[in-house]
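4 protein chains.
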Amino acid sequence: MTDLQAILDGIYTELKPRIGEGRVADYIPDLAKVDPNQFGLTVTTVDGKIYSVGDSAVPFSIQSISKVFMLTLALGKVGEQLWKRVGREPSGSAFNSIVQLEEESGIPRNPFINAGAIAVTDVVISGHAPREAIGELLRFVRYLSDDDGVTIDGRVAKSETHTGFRNFALANFMKAYGNLEHPVEHVLGVYFHQCALSMTCEQLAKAGLFLAARGSNPVAGLSVVSPKRARRINALMLTCGHYDGSGDFAYHVGLPGKSGVGGGIFAVAPGIASMAVWSPGLNKVGNSQLGAVALEMLAARTGWSVFGD
Amino acid sequence: MTDLQAILDGIYTELKPRIGEGRVADYIPDLAKVDPNQFGLTVTTVDGKIYSVGDSAVPFSIQSISKVFMLTLALGKVGEQLWKRVGREPSGSAFNSIVQLEEESGIPRNPFINAGAIAVTDVVISGHAPREAIGELLRFVRYLSDDDGVTIDGRVAKSETHTGFRNFALANFMKAYGNLEHPVEHVLGVYFHQCALSMTCEQLAKAGLFLAARGSNPVAGLSVVSPKRARRINALMLTCGHYDGSGDFAYHVGLPGKSGVGGGIFAVAPGIASMAVWSPGLNKVGNSQLGAVALEMLAARTGWSVFGD
Amino acid sequence: MTDLQAILDGIYTELKPRIGEGRVADYIPDLAKVDPNQFGLTVTTVDGKIYSVGDSAVPFSIQSISKVFMLTLALGKVGEQLWKRVGREPSGSAFNSIVQLEEESGIPRNPFINAGAIAVTDVVISGHAPREAIGELLRFVRYLSDDDGVTIDGRVAKSETHTGFRNFALANFMKAYGNLEHPVEHVLGVYFHQCALSMTCEQLAKAGLFLAARGSNPVAGLSVVSPKRARRINALMLTCGHYDGSGDFAYHVGLPGKSGVGGGIFAVAPGIASMAVWSPGLNKVGNSQLGAVALEMLAARTGWSVFGD
Amino acid sequence: MTDLQAILDGIYTELKPRIGEGRVADYIPDLAKVDPNQFGLTVTTVDGKIYSVGDSAVPFSIQSISKVFMLTLALGKVGEQLWKRVGREPSGSAFNSIVQLEEESGIPRNPFINAGAIAVTDVVISGHAPREAIGELLRFVRYLSDDDGVTIDGRVAKSETHTGFRNFALANFMKAYGNLEHPVEHVLGVYFHQCALSMTCEQLAKAGLFLAARGSNPVAGLSVVSPKRARRINALMLTCGHYDGSGDFAYHVGLPGKSGVGGGIFAVAPGIASMAVWSPGLNKVGNSQLGAVALEMLAARTGWSVFGD
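Protein chains in written order, with UniProt numbering: chain A, 1 to 309; chain B, 1 to 309; chain C, 1 to 309; chain D, 1 to 309.
Don't take each hint at face value.
For chains that are exact copies, the list does not tell them apart, and a pair is met inside one copy or across any two.
[To be verified] 30 Å max Cα-Cα, derived DSS-like pairs, lysine-lysine:
no.	residue 1	residue 2
1	K84	K284
2	K16	K158
3	K228	K49
4	K16	K49
5	K77	K284
6	K33	K228
7	K33	K16
8	K228	K84
9	K228	K284
Simulated from the structure, these hints should not be mistaken for laboratory data.
Working from the sequences, and respecting the hints, build out all of it.
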């Protein structure tokens with residue numbers, strides 16, 4: 001698939017003049033400092049090839065994309081029992097809405113809105129000290145990406161702790177409804193650290209390749225989840241992966257994906273490839289502006305949309 | 001693909017003891033009278049083959065599935081301008097919620113909730129008398145299914161008119177916000193008639209085949225929409241096609257689809273096949289109970305899920 | 001109480017330079033044509049005296065103030081059974097919110113928001129043709145004000161019918177929940193006519209005097225409602241009489257009252273007096289701007305606030 | 001007014017067989033232990049007389065009634081500027097709803113719902129250590145009631161701290177919107193202690209007498225607030241004092257009042273008397289069941305309703 005590198009190069013050339021577009025997230029102080037003039041894109045195919053352009057080797061804060069890995073761990077621990085604690089429906093409202101939570105008595109709508117991810121984290125913690133839960137996640141992601149260079153950025157984690165009042169509100173709210181087993185501070189401690197995972201496009205694309213490859217990691221050669229579970233995680237990403245912009249992403253890109261406010265987007269072409277794009281400037285629904293454009297171009301030129309070529 | 005008939009036969013044999021499960025919709029008097037002990041399933045492949053089991057030749061009220069055809073007509077008329085009148089995001093609430101509409105100032109969340117479909121109908125009417133708009137839809141569906149036997153059940157349409165207070169509320173509400181061009185009575189007259197389309201599984205699977213076949217109807221041999229538009233309609237079905245059960249359907253079945261309270265579900269395996277299933281008993285989110293089960297079995301056994309095999 | 005005329009004169013003199021402030025309601029075409037440079041105020045005391053200033057003899061559209069008289073009729077018909085159809089709590093949202101109605105399954109929060117008043121009208125219609133129900137209200141108001149000059153402005157009623165989509169939405173919505181006995185068109189026909197009652201400040205103050213006088217009309221000399229019912233209607237006016245500005249009116253004026261978008265406000269000083277003020281320009285919560293100011297001045301200078309002198 | 005004692009005795013005799021009705025609040029562990037078979041009622045008149053029946057000398061946890069005293073302190077500190085931080089409209093929803101807060105961007109609807117009271121507490125803290133703010137409140141209430149026996153129940157305060165997840169959610173939520181100046185833990189520390197004020201009916205009726213007496217405390221002989229501010233606090237109690245039961249209380253009792261989940265209700269007959277009733281069993285909207293009944297009887301028999309005699 002030599003064409004693939006050509007496609008990536010073409011996308012990069014076209015988007016180069018636009019690098020810097022969008023608005024860097026400013027509600028987490030340490031993210032606000034990131035240089036917006038960066039763009040990286042990596043595609044890893046199920047046969048193990050890697051294609052990259054731009055700043056694909058620069059680490060960035062993956063933020064909410066970490067929810068995909070945490071969800072995978074939680075499903076591994078409790079299986080379909082997880083759905084007693086969190087729903088599977090798109091939320092129809094902003095990523096940190098508390099209204100939804102009140103209307104549904106403390107059960108978050110899906111595992112990718114903040115409240116849902118906090119509940120998922122609570123499940124992963126089970127039987128662990130907070131520090132161990134973070135360690136488990138870090139080991140898991142390093143294993144998946146086959147790269148011990150993946151780290152957690154302590155300053156970003158701390159930065160979130162200090163400004164994360166809304167997440168404290170969500171967590172306390174779920175606690176009030178009995179949908180949080182561990183102390184709020186423990187759960188959020190882990191949550192803020194998971195969001196502070198620092199990865200490059202290359203590491204991220206490789207780490208998620210198992211979702212494109214029937215649940216197995218062709219790089220590491222081992223099964224991570226069953227084919228059925230891989231499909232289901234992909235389904236959740238497609239319907240719920242971009243907050244209130246999920247419908248729009250499906251409409252324009254047509255791939256299961258998960259975005260983060262650090263400007264990264266991870267996406268999957270089932271049976272074909274996984275990919276990670278990063279550009280810090282966000283569009284008005286909070287997803288990487290150029291990242292979404294790049295994936296729309298990539299899906300159109302490859303015919304990878306799950307909705308038809 | 002002789003296996004396909006065997007798969008359908010297997011599903012039918014397994015589900016036969018469960019036929020009659022679920023609860024027939026009772027809020028439309030004429031639908032409440034339907035015999036629940038029926039089940040039909042048809043698959044049409046992009047190479048023009050047709051596979052059926054059970055009551056696949058019995059006409060039923062397709063209800064909300066008609067929204068897919070009306071959306072296709074509306075996009076043909078005004079193109080992407082349509083999205084000024086209606087959104088593209090999953091709704092996160094019941095199919096006939098008026099709350100959403102108030103919060104978003106009369107712009108329905110997507111074209112598949114009732115309010116959105118009413119706005120779409122208003123677009124299709126444009127420049128027509130109501131009777132002509134219904135005629136246009138009927139001709140379109142007959143053309144797509146290559147079958148002049150498709151009819152509109154006048155009694156069902158009338159039955160809805162008399163009990164459709166909530167739809168009258170939705171339409172008047174949009175009118176109050178200036179998001180309805182024609183008189184409420186005209187728009188709902190067309191809307192109730194479109195929902196009363198009476199089709200068999202075979203007719204329905206054939207009518208929607210263009211969505212599996214890059215926008216062209218391999219049976220009739222002509223382009224209906226562009227490949228891009230076909231993908232986009234599929235994306236809307238996947239994220240919004242089953243009201244507040246859309247996430248669940250994506251999770252379990254993994255195919256773009258649209259359900260109706262008459263107990264029908266239409267679904268698409270892009271590039272491969274279109275399919276229609278019908279069984280009147282509904283599950284608690286208002287979709288055909290056995291229909292959803294049958295499609296889950298079908299997707300699992302064929303590996304057609306868009307999220308991986 | 002010779003001072004009372006002096007107080008009214010003083011208020012009029014002070015407010016004269018401000019007459020014309022606020023914004024005339026424009027959503028009902030016929031109201032939008034009213035000259036904003038008008039101001040009238042009448043106080044009737046329980047000993048039968050009448051004090052007036054300004055345009056107190058000019059008829060205006062009383063709009064929502066009519067809900068007080070309709071509520072009185074409905075309580076006369078079904079007594080406390082009325083509260084099965086409508087609540088008694090302040091609404092915490094705009095006067096025509098449909099959200100509330102969905103959350104509470106078709107039971108309006110109180111009889112003074114539009115939905116509640118529509119339900120009250122449905123109760124009054126019971127056993128009547130629409131025309132008779134309007135006739136009953138007109139006779140009642142003429143009797144209370146001891147003045148056959150009270151009329152209904154047909155053009156205003158018709159004007160509302162044509163633009164009242166939101167009220168049609170509310171009514172159909174309640175109908176969907178089974179909380180409307182008569183056909184939507186009948187109920188709204190009566191509702192739009194009641195809102196089109198045309199009265200002067202003098203007629204209005206006299207018509208509501210029974211609420212200040214233990215339920216009896218000292219002018220006509222007869223009991224209208226029991227003392228207990230008069231208190232209760234006053235309580236409803238105080239907590240719910242000004243839509244989402246009810247708390248503000250209680251805070252600043254301290255009298256039970258009911259406002260209308262025609263710029264009128266009716267208020268009661270229990271045991272002392274009833275009063276009506278009119279000035280067409282509205283403030284941002286939809287109540288007469290100068291009317292509210294005038295009543296605040298009046299309550300302050302007379303010590304009539306129910307919350308202390 | 002020798003009759004007053006007779007009226008109280010009569011009410012007590014009639015209600016005696018019903019003592020124990022309702023359900024003791026159980027969400028705060030230490031309140032759940034209170035013996036439900038208690039009932040006390042005290043009336044203090046503006047001429048300094050005190051009338052009591054039943055357990056009027058037994059201290060109970062005044063809970064939300066403390067919000068009236070805290071509001072008085074806050075208005076004393078920042079005056080009408082307070083209304084930039086909190087609204088003055090009835091809430092139309094449960095006392096601890098977070099939905100409202102999100103819809104109105106962190107500005108609570110009124111000072112008597114929990115979020116509003118937390119904002120008020122934040123204002124009172126200003127320039128204080130938490131401990132000092134509690135001390136100030138305690139001194140204020142002791143001064144008002146002319147009784148140094150008023151205490152704060154540390155166990156109740158601690159009990160709330162441990163289960164007050166919803167209040168932590170509300171406070172963090174306001175903090176996220178910038179509507180909380182001090183650290184969440186400090187504000188809630190004070191808040192939980194103010195709710196743990198332990199007072200008898202006699203102390204409470206005396207402490208609030210200034211609200212019936214044009215802002216002055218006839219017992220202590222000094223002005224507490226201006227007559228205008230007393231009226232305004234009374235107005236807030238009438239429209240917002242009983243959460244989602246405020247309209248009902250106005251309808252049945254007709255007096256400004258504030259209830260607490262400890263089973264106490266404080267009420268004011270402006271110009272005449274203040275009163276406190278206590279009975280631990282709550283009705284379904286969370287107010288003292290017998291307390292509300294007793295006040296309805298008292299208002300009916302004395303003619304003290306602000307809405308007419």
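Here is how each hint holds up against the structure:
1. K84 x K284: Classified as between: cross-chain Cα gap 17 Å, same-chain 32 Å, threshold 30 Å.
2. K16 x K158: Classified as neither; 33 Å inside a copy, 58 Å across copies.
3. K228 x K49: both (24 Å within a copy, 28 Å between copies)
4. K16 x K49: Within one copy only: 24 Å inside, 47 Å across.
5. K77 x K284: between (36 Å within a copy, 29 Å between copies)
6. K33 x K228: neither (41 Å within a copy, 39 Å between copies)
7. K33 x K16: Close inside one copy (21 Å), not across copies (58 Å); limit 30 Å.
8. K228 x K84: within (19 Å within a copy, 38 Å between copies)
9. K228 x K284: This pair counts as between: shortest inter-copy Cα distance 24 Å, intra-copy 34 Å.
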